[in-house]
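So you can see what is in the structure, the chains are spelled out below.
There are 2 protein chains.
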Amino acid sequence: MKYGFGIDLGGTTVKLAYFDETGTMLDKWEIPTVTENSGKQILPDIAAAIRGYLTAHAIPDSDILGLGIGVPGPVDRQGVVNKCINLGWGVFNIAQELSGLTGFPVVAGNDANVAAMGEFWKGGGKGCRNMVMATLGTGVGGGIVIENNLLFGAHGSGAEIGHMVLNPQETIPCNCGKCGCVEQYCSATGIARLGREALAASDEGSTLRTVEKLDAKAIFDAGKAGDKLALQVLDRYYNYLGQFLGSLCSVINPEVVVLGGGVCKAGQILLDGVEPYFHKYVFHAASNVRFTIATLGNDAGAYGAFKLALDKFL
Amino acid sequence: MKYGFGIDLGGTTVKLAYFDETGTMLDKWEIPTVTENSGKQILPDIAAAIRGYLTAHAIPDSDILGLGIGVPGPVDRQGVVNKCINLGWGVFNIAQELSGLTGFPVVAGNDANVAAMGEFWKGGGKGCRNMVMATLGTGVGGGIVIENNLLFGAHGSGAEIGHMVLNPQETIPCNCGKCGCVEQYCSATGIARLGREALAASDEGSTLRTVEKLDAKAIFDAGKAGDKLALQVLDRYYNYLGQFLGSLCSVINPEVVVLGGGVCKAGQILLDGVEPYFHKYVFHAASNVRFTIATLGNDAGAYGAFKLALDKFL
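Protein chains in written order, with the numbering used here: chain A, 1 to 314; chain B, 1 to 314.
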């Protein structure tokens, strides 16, 4: 039996996990991400954590097949990071550098893509060959798996599905600088915005007028309790989400769409809401798609990172 | 040296070509597509054409690595055709059936996808690893290549890029039954429609008011001659095309976009028109894309079909 590590590198913490080759997570822990000094300490810290773990548990190097790591920025198939603004990183080959520091082979990918690979392998996409995952959080990220392979893209920027154009008439800019991106409507932030717009556009009574914080959770809760305005907001939201996923699945034709991120805490109501709109917008021959909610939570990145190592080094 | 055949099966003719393993097309010819009787004669006719060619040229079976075929309908990775309405075909495994009839291994794909593979291999996408091809003809089709592999999709319906949603407000239906598809705006038919709308919406003088046939060619020709209204129509067209390709490339992140189909006869003016809009709509990290025009014309399908055979059987 061989073993390895899956690493999910975030802007504040690094999540590390130790796996056996069947994909059982045997251990997991976190270390802080030290972004000072252009993030120069990050990889040495990760290497020290891994070497320390092996020493503490008396695991020989020969047991280790390799490491996978998800990184918050574009990473190409060769392991070249093309700037991680959160970490202060420029352009360099993270796979080579972390391999030099640890003595193990390393494979790297974009964090959102890598988390999608985790869900594909052990979560909502288990048993499929082609998957679209959309992470509906503060923004909209995700990943695409085609015949068991993660889509990297030519420059490590594949599957930036949150920046497909949803509304070319939009005049308010997205965080990316463009206007009308999927992320402006389909994120948790987007639901809140739709809620504010609906409250401003009418005098209709609504429990949303008195909530402490008008966020996605409040809107879903009000909708579940039958609040009419909240239901209208959610209907608009489902329409946007269905348009986005219908367009995307007409291109990719996956077996499964996995929805992740904070918005998914809404549960089945979200799936029931989006599916009719999805069928309005998807090309008929690509409509045979199962919708499901992500199951791995914050562990998805570590699972996916280790899976990349398993696929490449076992 | 091994050899093989690339076959492009269309609704009226079957194009056949004989290649050596380096991809040199040594011969090509056509036979009619007999669609009567639910298209039962099509595969026997193709098999007879190939067996006859080998006999006539005294080529031994041992020289032949296999056949590739592009089919006007969805075909999955295993060779299962899921209805070809033009041919009267239902659901069956074309690869198995044509292999049984010829005695050679067969690989099949959707015709538009297979033509894209041809352009990727020997045409506008030569030398790249990731490509988007959009065929702007009567409709909009195309194909996507990711790390040298054609995107098939879970049910053989991948890369139906002409049916991404471009305008959710559209009320006129597309041929597919949905409303607001890329194909309704970005095809040659779409340009003509934009032209008719522009003429109806104003009294402005334009040479387009007196052309015999208001089609894409007439509008490009008028635009090249400086006709103001034609230039406005083309500007709207470039905007739609840029939105479509910007969205698509934010997902796929290719090195190259190859434009094919009748609209491409417009030449460099088309590329010059679409690129600024593409950059308005594409996610910045995926913006490093070369635009080019398809070069193989009607031979693209045969090249791509043979390439599938080469990748699978050599």
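Among the clues, some could well be false.
Listed next, with one range per pair, are the computed distances between beta-carbon atoms [said to hold, decoys possible]: (1) A:R290 with B:D20: 53 to 59 Å; (2) A:T138 with B:Q169: 25 to 31 Å; (3) A:S287 with B:K265: 32 to 38 Å; (4) A:E21 with B:I31: 50 to 56 Å; (5) B:M25 with A:E21: 26 to 32 Å; (6) A:I172 with B:G267: 51 to 57 Å; (7) A:D203 with B:T138: 46 to 52 Å; (8) A:S62 with B:Y53: 52 to 58 Å; (9) A:V91 with B:M25: 39 to 45 Å.
Not the full set, but computed from the structure, chain A residues with beta-carbon under 7 Å of chain B [to be verified]: (10) H163; (11) Q243; (12) A286; (13) T292; (14) T295.
Hints were generated in silico from the structure; no laboratory data involved. Glycine is no exception: its CB is placed at the ideal position from the N, C-alpha and C atoms.
Do the hints match the structure? See the list:
1. A:R290 with B:D20: 53 to 59 Å: About 44 Å separates the Cβ atoms of A:R290 and B:D20, which means 53 to 59 Å is violated.
2. A:T138 with B:Q169: 25 to 31 Å: Given range 25 to 31 Å: holds, Cβ gap about 28 Å.
3. A:S287 with B:K265: 32 to 38 Å: holds, 34 Å
4. A:E21 with B:I31: 50 to 56 Å: Given about 53 Å between the Cβ atoms, the range holds.
5. B:M25 with A:E21: 26 to 32 Å: violated, 46 Å
6. A:I172 with B:G267: 51 to 57 Å: violated, 37 Å
7. A:D203 with B:T138: 46 to 52 Å: holds, 50 Å
8. A:S62 with B:Y53: 52 to 58 Å: holds, 57 Å
9. A:V91 with B:M25: 39 to 45 Å: holds, 41 Å
10. H163: Hint holds; A:H163 Cβ to chain B Cβ min 4 Å, cut 7 Å.
11. Q243: It holds, given that the least Cβ distance between A:Q243 and chain B is near 5 Å, below 7 Å.
12. A286: holds, 5 Å
13. T292: Violated - the Cβ of A:T292 stays beyond 7 Å from chain B, reaching only about 15 Å at its closest.
14. T295: violated, 20 Å
Checked against the numbered hints above, the structure violates hints 1, 5, 6, 13 and 14; every other hint is satisfied.
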